[in-house]
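Peer 1: When you get a sec, could you build the whole thing from the sequences and use the hints?
Note that this note's numbering has the sequence shown beginning at 1, numbered continuously upward.
Don't read these hints as lab results, they were simulated from the structure. Even glycine gets a Cβ: it sits at the ideal position worked out from N, Cα and C. It cannot be assumed that every hint is accurate.
As the list claims (entries may be wrong) - Pair ranges (Cβ atoms, derived):
#1 Arg-145 - His-271: 21 to 31 Å
#2 Pro-305 - Asn-142: 39 to 49 Å
#3 Gln-173 - Arg-148: 26 to 36 Å
#4 Pro-305 - Ser-99: 36 to 46 Å
#5 Pro-305 - Thr-151: 42 to 52 Å
#6 Arg-148 - His-215: 25 to 35 Å
#7 Pro-54 - Asp-116: 18 to 28 Å
#8 Pro-293 - Ser-109: 38 to 48 Å
#9 Arg-148 - Ala-319: 40 to 50 Å
#10 Tyr-127 - Pro-53: 38 to 48 Å
#11 Ser-265 - His-51: 12 to 22 Å
#12 Gln-173 - Gly-68: 24 to 34 Å
#13 Arg-286 - Asp-116: 23 to 33 Å
#14 Arg-148 - Ser-265: 15 to 25 Å
To be verified - Quick list of in silico lysine to aspartate or glutamate cross-link-like pairs, DMTMM-like style, CA-CA up to 20 Å:
#15 Lys-138 - Asp-116
#16 Lys-138 - Asp-87
#17 Lys-138 - Asp-174
#18 Lys-138 - Asp-106
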Amino acid sequence: MSRSERGRTEVVWAALVLCSSAAAMAAAPARARATASGQARVIVTVTGAHHAPPATLHRDDVLVYENGQRRPVISWEPLRSGRSGLDFAILIDDSLGSSVGLQFPDIRSFIHSLPDGSRAALAYGRYGSAVFAAQFTKDRENVIRALRLPTGSVSLGSSIYMALDSLIRHWPQDGAPREVLLITSGIDLYRGIEESEPTEANLDLMQAMGTAQRHSVTVHTIYGQSAGFEGRNYFLINNGQGSLARLAFETGGAAFQDGFQSPVSFAPYLHQLTSLLNHQFLLTFRLTPSGPPGFQPLRVTTEVPGANLAAPDRVFVSAAH
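Peer 2: Right, dumping it as structure tokens:
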């Protein structure tokens, strides 16, 4: 079953709220970015039906259609093999309450569980910028030592989505696949209350999503309660959670939420995220530019039963020469 086929039966991003007993993944229409050589690389997550283990897929089992035209698959490489590498950044909102410190043991375990050969980094979102506490490294302990409690400082001049945009723009350009885990309330009042809704009026959310899409960065989110008055306002909480769900949906990630409160434990979410990472593949396929540059529809599917493929819905194609 393809990404597009499954999307017709899934709930929309605005309803992606997780109960304390379950988690839902917002795996969705990310925009992939083509290379100058006429190739595109996208991360594909393979899941099984009804939480069953996914079927084993090989390169010849994967079918790629760009703008309705079949495109040749060049490679199909499991990310957990470590051959392609992986850059994984954790971005924590500095406006969160100190209770997030209770989740540090689970975050430490998650960092240790990242695929072999991957690099991890830790940053804090503050005043619209991503401040690195630990740069990208394979030294897991170095990242873990950099964990600290958020300051809990809430400022109307700050935007967590600006911080995410900053993180992506300053990412090392070494060609490794890239993913982010964003821990935040998602509430962004930089441009006003109405502009905090998960719509096109939320300019900083739209900007961050666009930057992630153009740089092929997958963003996963976990909701955490803000230390300020926003964390007690259900209207704003709903806006924040909706924005986080949309951000994950649009970039192909997973959104984890637990009602209007911070979850008692991040462990179930991080275990699920680890499982998703262990079933991700780096798909490389060839493009045939035939017109002006722009996004084109993308469908990645398979005829192998028992396998669901979550892949971007669009790919950026350069101009024909």
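Peer 1: Hints first: check each against the structure and report whether it holds.
Peer 2: Against the structure, the hints come out as follows:
Range check, Arg-145 to His-271: about 23 Å between beta-carbon atoms, so the 21 to 31 Å window is met. At about 44 Å, the CB distance of Pro-305 to Asn-142 agrees with the hint of 39 to 49 Å. Roughly 28 Å separates the CB atoms of Gln-173 and Arg-148, a value that falls within the hinted 26 to 36 Å. Here the CB-CB span from Pro-305 to Ser-99 is close to 44 Å, well matched to the stated 36 to 46 Å.
The hint said 42 to 52 Å for the Cβ distance between Pro-305 and Thr-151, and at roughly 51 Å that hint holds. For the pair Arg-148 and His-215, the beta carbons lie near 27 Å from each other, so the given range of 25 to 35 Å is met. At about 20 Å, the beta-carbon gap between Pro-54 and Asp-116 stays in the expected band of 18 to 28 Å. Distance hint check for Pro-293 and Ser-109: the Cβ-Cβ separation is about 43 Å, which falls inside the suggested range of 38 to 48 Å.
One distance hint, 40 to 50 Å for the beta-carbon pair Arg-148 and Ala-319, holds here, with the actual separation near 46 Å. Separated by about 44 Å at the C-beta atoms, Tyr-127 and Pro-53 satisfy the suggested range of 38 to 48 Å. At about 20 Å, the beta-carbon gap between Ser-265 and His-51 stays in the expected band of 12 to 22 Å. A C-beta distance of roughly 32 Å is found between Gln-173 and Gly-68, which places it inside the suggested range of 24 to 34 Å.
Taken as a hint, the range 23 to 33 Å holds for the pair Arg-286 and Asp-116, whose Cβ atoms sit roughly 29 Å apart. At about 20 Å, the beta-carbon gap between Arg-148 and Ser-265 stays in the expected band of 15 to 25 Å. Among the hinted pairs, Lys-138 with Asp-116 is consistent with the structure: their alpha-carbon atoms are about 9 Å apart, no more than 20 Å. Restraint check for Lys-138 and Asp-87: the C-alpha separation of about 9 Å stays at or below 20 Å, so the hint holds.
Taken as a hint, the Lys-138 and Asp-174 pair is honoured in the structure, with Cα atoms around 14 Å apart against an allowance of 20 Å. For the hint pairing Lys-138 with Asp-106, the CA-to-CA distance comes to about 19 Å; that is within 20 Å, so the pair holds.
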